[in-house]
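Asks: From just these sequences and the hints, can you work out the full model?
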Amino acid sequence: MDLYFSPLACSLGARIALYEAGAEAGYHLVDAATKTTQGRDYRQINPKGLVPAIRTVDGEVLSENAAVLQYIADCFPKAKLAPAAGPERYRLQQWLSFIATELHKAVFAPLLGRNSNDGARDYARALAAERFDYLNAELSSRDYLLGTFSVADAYLAAVLNWAPYVKIDLAQWPDVAAYRDRLAARPSVARAMAEEMDLYRQAA
Numbered sequence: 001m002d003l004y005f006s007p008l009a010c011s012l013g014a015r016i017a018l019y020e021a022g023a024e025a026g027y028h029l030v031d032a033a034t035k036t037t038q039g040r041d042y043r044q045i046n047p048k049g050l051v052p053a054i055r056t057v058d059g060e061v062l063s064e065n066a067a068v069l070q071y072i073a074d075c076f077p078k079a080k081l082a083p084a085a086g087p088e089r090y091r092l093q094q095w096l097s098f099i100a101t102e103l104h105k106a107v108f109a110p111l112l113g114r115n116s117n118d119g120a121r122d123y124a125r126a127l128a129a130e131r132f133d134y135l136n137a138e139l140s141s142r143d144y145l146l147g148t149f150s151v152a153d154a155y156l157a158a159v160l161n162w163a164p165y166v167k168i169d170l171a172q173w174p175d176v177a178a179y180r181d182r183l184a185a186r187p188s189v190a191r192a193m194a195e196e197m198d199l200y201r202q203a204a
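Using UniProt numbering, you'd call the opening residue of the sequence shown number 1 and step up by one each time.
Mixed in with the good hints there might be a few duds.
Derived CB-CB ranges, DEER-like [what the hints assert, rightly or not]:
(1) 60 / 101: 21 to 29 Å
(2) 122 / 195: 32 to 40 Å
(3) 60 / 85: 21 to 29 Å
(4) 187 / 167: 25 to 33 Å
(5) 57 / 32: 40 to 48 Å
(6) 116 / 49: 16 to 24 Å
(7) 187 / 119: 35 to 43 Å
(8) 204 / 147: 32 to 40 Å
(9) 86 / 204: 40 to 48 Å
Straight-line alpha carbon distances no greater than 25 Å define the calculated DSS-like cross-link-like pairs of lysine-lysine that follow [as the list claims (entries may be wrong)]:
(10) 105 / 48
(11) 35 / 48
(12) 167 / 105
Derived from the structure by calculation, the hints contain no laboratory data.
We put the CB at the ideal spot given by N, CA and C, even for glycine.
Replies: If you want it as C-alpha cells, here you go:
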C-alpha cells in the first residue's frame with residue numbers, strides 16, 4: 001500500500017497507524033501548495049487534492065482520515081488498532097468523527113488558515129475551550145480514547161501537534177496534556193513526528 005501525505009498535516013495520523021501496525025508501505029510526499037507528488041498532478045490520484053490518501057493493496061484509492069485509518073486498522077487486526085465489532089466499533093467512529101469535525105475542521109483549520117478573518121479565529125478559540133473541556137473530562141478516567149491505543153489516538157496525535165503553532169496551551173487541560181505526553185512517548189508517534197519534522201524543515 002502507498003500513503004500520500006504532507007509533512008505534519010493530518011496525514012501524520014495514518015503514518016503513525018502504519019508504524020504501530022509494523023506495516024510495509026510506500027510514502028509519497030504531496031506538495032500542498034502545488035498539489036503535486038513526485039512531479040505528477042496529485043489530483044490524478046485524489047481529485048480533491050487533499051491528504052491523506054492511501055492506495056490499497058487492491059489498487060483502490062481511499063481518502064478522508066476516517067476511511068484511511070479504518071482501512072489500516074482492518075488490514076492489520078493483530079495490531080488491535082480498532083475494535084473488531086460491537087459497541088466499541090461504533091465508539092471508534094464517534095471519536096474519528098469528533099476529531100475530524102469538532103477539532104480538525106472547526107478549531108484548527110480556521111486558526112491555521114492564512115485567509116481566516118479575525119471573527120473566524122475568535123469563534124474557533126471559543127469553540128476550542130469547549131471542545132477541550134469535553135476532551136479533558138473524557139480522558140480523566142482512561143489513558144486513551146477507547147481505553148487502549150487505537151487509530152483515533154493516532155489521528156488526535158496529529159491534530160494536537162498543531163496546538164503550539166496556534167498558541168493553544170494544553171496545560172489548561174491537565175488530562176489532555178498528560179494524554180499528549182503519553183502519545184509522544186510511544187515509539188510510533190515519536191518516530192513519525194521526528195521524520196515528518198525533518199521533511200517539513202527541508203521543505204521550508
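Asks: Run every hint past the structure and note whether it holds.
Replies: Structure-based check of each hint:
no., hint, verdict
1, 60 / 101: 21 to 29 Å, "holds, 25 Å"
2, 122 / 195: 32 to 40 Å, "holds, 35 Å"
3, 60 / 85: 21 to 29 Å, "holds, 23 Å"
4, 187 / 167: 25 to 33 Å, "holds, 29 Å"
5, 57 / 32: 40 to 48 Å, "violated, 26 Å"
6, 116 / 49: 16 to 24 Å, "holds, 19 Å"
7, 187 / 119: 35 to 43 Å, "holds, 42 Å"
8, 204 / 147: 32 to 40 Å, "holds, 38 Å"
9, 86 / 204: 40 to 48 Å, "holds, 45 Å"
10, 105 / 48, "holds, 16 Å"
11, 35 / 48, "holds, 10 Å"
12, 167 / 105, "holds, 17 Å"
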